[in-house]
Amino acid sequence: MSTDGLFVIGATHHRAPLAVREKLSLSADGAAALRVELAQIAGLKEFAVLSTCNRVEFYGVGANGDTAARVTAAFCARQQFDAAEFEKFRLNLRGREAVQHLLEVSSGLDSQMVGETEIFGQVKDAYAEAQARGSTGPVLNRVFQKGFQAAKHVRTHTAITTGQVSVANVAVDLALTIFGALKQTRILLLGAGEIGEKTAKAFQSRGAAALTVASRRFERAMELASALGASAMPFEQREARLAEFDVVVCATSAPDVVVSHAVTRAAMQKRPARPLFFIDQALPRDVDPAVSEIQNVFLYNLDDLAKIADENRAAREAEIAKCRTIVAEKADNLWRQVAPQIEALGAVAPLAPSVRHEEPA
Amino acid sequence: MSALFAAFSDRTWLWFAAALYFIGFAQGTVSLLRGGRPAGSATYALIAIGYVLQLVGLGIRGRAVGGCPLGNTFEIFQFTAWSAITLYLVVGLTFRNSLLGYFTSCLTAALTVISLAIPAWDATTRTHIFSANPWIELHAALAVFSYGVFALLALTSVMFLLRNYSLKSKRLGGWFSFLPSILDLDHIGVRLLGAGMAILTLSLGIISAFWLRDPSSASVSKVLFAFVVWAVSLLVFALRLRGVLLTKRFAWACLALFAGALVSLVAVDRSRHPLPPKPVAVSLP
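Which chain is which? The protein sequence lines are A and B, in order.
Under this note's numbering, read the first sequence as residues 1 to 361, first letter to last.
Under this note's numbering, read the second sequence as residues 1001 to 1285, first letter to last.
Calculated directly from the structure, the hints in this document are not laboratory data.
Built from N, CA and C at the ideal position, the CB exists for glycine as well.
Watch out, some of these pointers could steer you wrong.
[What the hints assert, rightly or not] Here are the computed lysine to aspartate or glutamate pairs in the DMTMM-like style, where the Cα-Cα straight-line distance is at most 25 Å:
#1 B:K1248 <-> A:D173
#2 A:K201 <-> A:E311
#3 B:K1248 <-> A:E223
#4 B:K1170 <-> A:E311
#5 A:K270 <-> B:D1184
#6 A:K307 <-> A:E343
#7 A:K124 <-> A:D82
#8 B:K1170 <-> A:D125
#9 A:K183 <-> B:D1184
#10 B:K1168 <-> A:E293
#11 B:K1168 <-> A:E311
#12 B:K1170 <-> A:E116
#13 B:K1222 <-> B:E1137
#14 A:K201 <-> A:E293
#15 B:K1168 <-> A:E239
#16 A:K307 <-> A:D173
#17 A:K152 <-> A:E197
#18 A:K307 <-> A:E317
#19 B:K1248 <-> A:E343
#20 B:K1170 <-> A:E97
#21 B:K1170 <-> A:E223
#22 A:K183 <-> A:E129
[Stated by the list, open to error] The calculated label-pair distances, taken between Cβ atoms and stated as ranges, are:
#23 B:A1256 <-> A:Q295: 14 to 20 Å
#24 A:K183 <-> B:A1064: 30 to 36 Å
#25 B:A1256 <-> A:A181: 29 to 35 Å
#26 B:V1030 <-> A:T156: 55 to 61 Å
#27 A:P289 <-> B:I1118: 48 to 54 Å
Throw the hints in and build the complete structure from the sequences for me.
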């Protein structure tokens, strides 16, 4: 077997636009069915499927040169996608390049939002799934496991994952900078629109439990509160109850200020030792800018958050070259280890029968 | 083991310790200048080793003077630095903040290097610290230990002021990103002030018991200085709990308290009298 026997084919956000990725996206059932079909391909000794919103990739070890083409054909057939059209977007890497690609994907270097860490978990899940179904072998086991180690190394030895790059997550990071932890932090969401909802979800995903929603339309506040597992509050009570909250996310479409300096000062007199953090995502602004002059009150508006996100993004991008050097070095080492294994696999029997006859879940 | 301790003089051991504190500070500074985080575990290890070496040096000095080595300005600075580190080694484990280690190494390097670099501070042999009564020795040790707690409080107050500045001015990058949350710093400040005050209260309780029975057991000025520091710490603590002294003002008050404690140490030290020169054996022809 040629060392080119290790391959990765697929489509990613780099070349495939969203509309194409939607068509290529694999459902859980679809992925399971496809795995069974792939297991039938003669000469495909090992494989793993990685499917996320930004990529669908097949990592495999094939006995002959056309194995990757067969995998492509099986995938296109299942997705009812024109194979010739797929060629325009196709990712097709072999040997060492495939190894390097996996390392870059795992470490977040290949992600749309460079340095994001969610992809690491997704690659781990994809590998665990393949391993559980018995479709990995000595080559992919080594490539994936060493790939995870390399990704961890990149994350801990560079600043690629430092700082949040989305406005909602920047707001959550700021809250952590003020309160340390979010479990006991009481959050008030003013406005039940999409931006506020996104920020509220970001807070919940980082451990915030006490969330209250207030909107000028109380029914909408109730609706969103129910969806988020939060409580609702009449909008008119915001001033009287301001002192109860630690973080106030403002995202209304009100034409005037909804939180004034006087109201904030009065609230702070009731809770002088505890900081109050305003995240003003509204346009026009919801919070009187003068509140930032009050001791223990911190106010960040949309521009402030966007600026921090931009700085973080720039800092991550500045780390890319350093990360790629590390990844290239790791890929070289790993390739030296697996290349002889791939050569040796030429004589190994194809996938176990148990995998071949598995039915989709 | 005792041969190892005897291999160097007390001041040499203290120089070794100061060097380690300084290395911790220098290493943290280089990391920060390079845009990275000071290595928390490395700084912690350097401080911990320095702490042991300083303990050896202070132990040798203590044996020589027959009590707690608080006999002159040099010893008081050394003991204050050692007390601050004692607390840091405990707090640092739970606080897990590399910047606190960096600031601690900075403060202790300054205290120890300066005290070692000024020979005059260690040249005068003063009267034995607060007589030979072990209870009064305990009072002195606790008082200086509480000042060590105030030293750590001063560090957290500096960190609080920096964090407050970074949040208000919206400068969150660089080494500001290594600072703990502002609420954590505030809570730690209150706890440290409470702990320092409690230790100082205990210390003053001991000396008061002796002083009331025998006013000659300690000079009025010494007791007065200690009581002023205690009263100020009590006032700051009470105002903080009542919500009068908060955020920046509280941090500045804590810094002033530590500065006052240092000044009072110098004043206490100056109120003592030098020992008469030891008789020198002279061989007559």
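Here's how the hints hold up against the structure:
| no. | hint | result |
| --- | --- | --- |
| 1 | B:K1248 <-> A:D173 | holds (22 Å) |
| 2 | A:K201 <-> A:E311 | holds (23 Å) |
| 3 | B:K1248 <-> A:E223 | violated (41 Å) |
| 4 | B:K1170 <-> A:E311 | holds (12 Å) |
| 5 | A:K270 <-> B:D1184 | holds (20 Å) |
| 6 | A:K307 <-> A:E343 | violated (51 Å) |
| 7 | A:K124 <-> A:D82 | violated (30 Å) |
| 8 | B:K1170 <-> A:D125 | violated (38 Å) |
| 9 | A:K183 <-> B:D1184 | holds (14 Å) |
| 10 | B:K1168 <-> A:E293 | holds (9 Å) |
| 11 | B:K1168 <-> A:E311 | holds (18 Å) |
| 12 | B:K1170 <-> A:E116 | holds (24 Å) |
| 13 | B:K1222 <-> B:E1137 | holds (14 Å) |
| 14 | A:K201 <-> A:E293 | violated (29 Å) |
| 15 | B:K1168 <-> A:E239 | holds (23 Å) |
| 16 | A:K307 <-> A:D173 | holds (14 Å) |
| 17 | A:K152 <-> A:E197 | violated (32 Å) |
| 18 | A:K307 <-> A:E317 | holds (15 Å) |
| 19 | B:K1248 <-> A:E343 | violated (68 Å) |
| 20 | B:K1170 <-> A:E97 | violated (43 Å) |
| 21 | B:K1170 <-> A:E223 | violated (35 Å) |
| 22 | A:K183 <-> A:E129 | violated (33 Å) |
| 23 | B:A1256 <-> A:Q295: 14 to 20 Å | holds (18 Å) |
| 24 | A:K183 <-> B:A1064: 30 to 36 Å | violated (53 Å) |
| 25 | B:A1256 <-> A:A181: 29 to 35 Å | holds (31 Å) |
| 26 | B:V1030 <-> A:T156: 55 to 61 Å | violated (19 Å) |
| 27 | A:P289 <-> B:I1118: 48 to 54 Å | holds (51 Å) |
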